Amino acid sequence: MKRLPEAIKKRIVEHLACFQTPADVVDLIAGEFGVTLTPRHVRAYDPASFQFAASPRWLEYHAAVRERYREEMGKVAIAHRTYRLDQLQRTIDAARDVLAEGGDGWLDACEQIRKAVETAAKEVGDVYVKFPNRTY
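This note's numbering applies: residue 1 is where the sequence shown begins, and numbers increase by one.
Simulated from the structure, these hints should not be mistaken for lab results.
Remember, predicted model here, so these are calculated numbers, not experimental data.
Every residue, glycine too, gets a C-beta built ideally from N, C-alpha and C.
Misleading hints may appear alongside valid ones.
Said to hold, decoys possible - Below are the DSS-like pairs computed for lysine-lysine, each with C-alpha atoms no more than 30 Å apart in a straight line:
| hint | residue 1 | residue 2 |
| --- | --- | --- |
| 1 | K75 | K10 |
| 2 | K9 | K75 |
| 3 | K75 | K122 |
Stated by the list, open to error - Computed beta-carbon distance windows for the label pairs:
| hint | residue 1 | residue 2 | range |
| --- | --- | --- | --- |
| 4 | R57 | D108 | 36 to 44 Å |
| 5 | V117 | A64 | 39 to 47 Å |
| 6 | D126 | G74 | 16 to 24 Å |
| 7 | D27 | R84 | 25 to 33 Å |
| 8 | G105 | R70 | 24 to 32 Å |
| 9 | S49 | A94 | 42 to 50 Å |
| 10 | T36 | L99 | 38 to 46 Å |
| 11 | R57 | R84 | 31 to 39 Å |
| 12 | E72 | D93 | 26 to 34 Å |
| 13 | R3 | K115 | 49 to 57 Å |
Start from the sequences, fold in the hints, and give me the full structure.
Below is the structure:
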């Protein structure tokens with residue numbers, strides 16, 4: 001394969017820094033630049049891969065983009081557990097109001113409460129949290 005232009009290399013590193021898989025990056029690069037790559041070629045730019053073969057400047061760029069991505073994601077409300085639990089509580093409160101009215105939607109309200117409580121239990125019990133050092 002021919003050498004990739006700097007713009008494509010940069011975009012590969014940016015996608016990888018934003019937690020895209022190599023297979024997804026192949027599709028994204030094909031869509032953006034019309035270049036056909038293999039996941040193996042993309043992994044050469046992934047510092048987390050044992051196939052990393054890019055220059056140190058791409059490693060530094062990857063770290064900078066990942067840090068910026070994490071900062072931006074931190075500004076999104078749903079990325080925070082407190083916000084998600086608050087929304088679940090609002091769902092439960094709305095369903096309880098339906099139950100208190102005693103209308104026809106009581107069965108749906110019970111189901112909403114059940115699902116919200118189940119989701120909250122998983123959220124608080126760290127079901128949705130990845131622990132890299134934990135072995136199962």
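Here is how each hint holds up against the structure:
1. With a C-alpha separation of about 25 Å, the suggested pair K75 and K10 falls inside the 30 Å cut-off, and the hint holds.
2. Annotation: proposed proximity of K9 to K75 holds, straight-line Cα distance about 28 Å (limit 30 Å).
3. For a cut-off of 30 Å, the pair hint linking K75 to K122 stands: about 23 Å separates their Cα positions.
4. For the pair R57 and D108, the supplied restraint of 36 to 44 Å is violated, since their beta-carbon distance comes to about 56 Å.
5. In this structure the hint that V117 and A64 lie 39 to 47 Å apart at CB holds, the actual value being about 41 Å.
6. The hinted window of 16 to 24 Å between D126 and G74 holds, with their beta carbons roughly 19 Å apart.
7. Separation of D27 from R84 is about 30 Å and conforms to the stated range, judged on CB atoms against 25 to 33 Å.
8. Roughly 41 Å separates the CB atoms of G105 and R70, a value that falls outside the hinted 24 to 32 Å.
9. Taking 42 to 50 Å as the suggested C-beta distance range, the pair S49 and A94 conforms, at roughly 46 Å.
10. The supplied range of 38 to 46 Å is broken by T36 and L99, whose beta-carbon atoms lie about 57 Å from each other.
11. A C-beta distance of roughly 38 Å is found between R57 and R84, which places it inside the suggested range of 31 to 39 Å.
12. Distance hint check: the CB atoms of E72 and D93 are about 31 Å apart, consistent with the given range 26 to 34 Å.
13. About 52 Å separates the C-beta atoms of R3 and K115, a value consistent with the hinted range of 49 to 57 Å.
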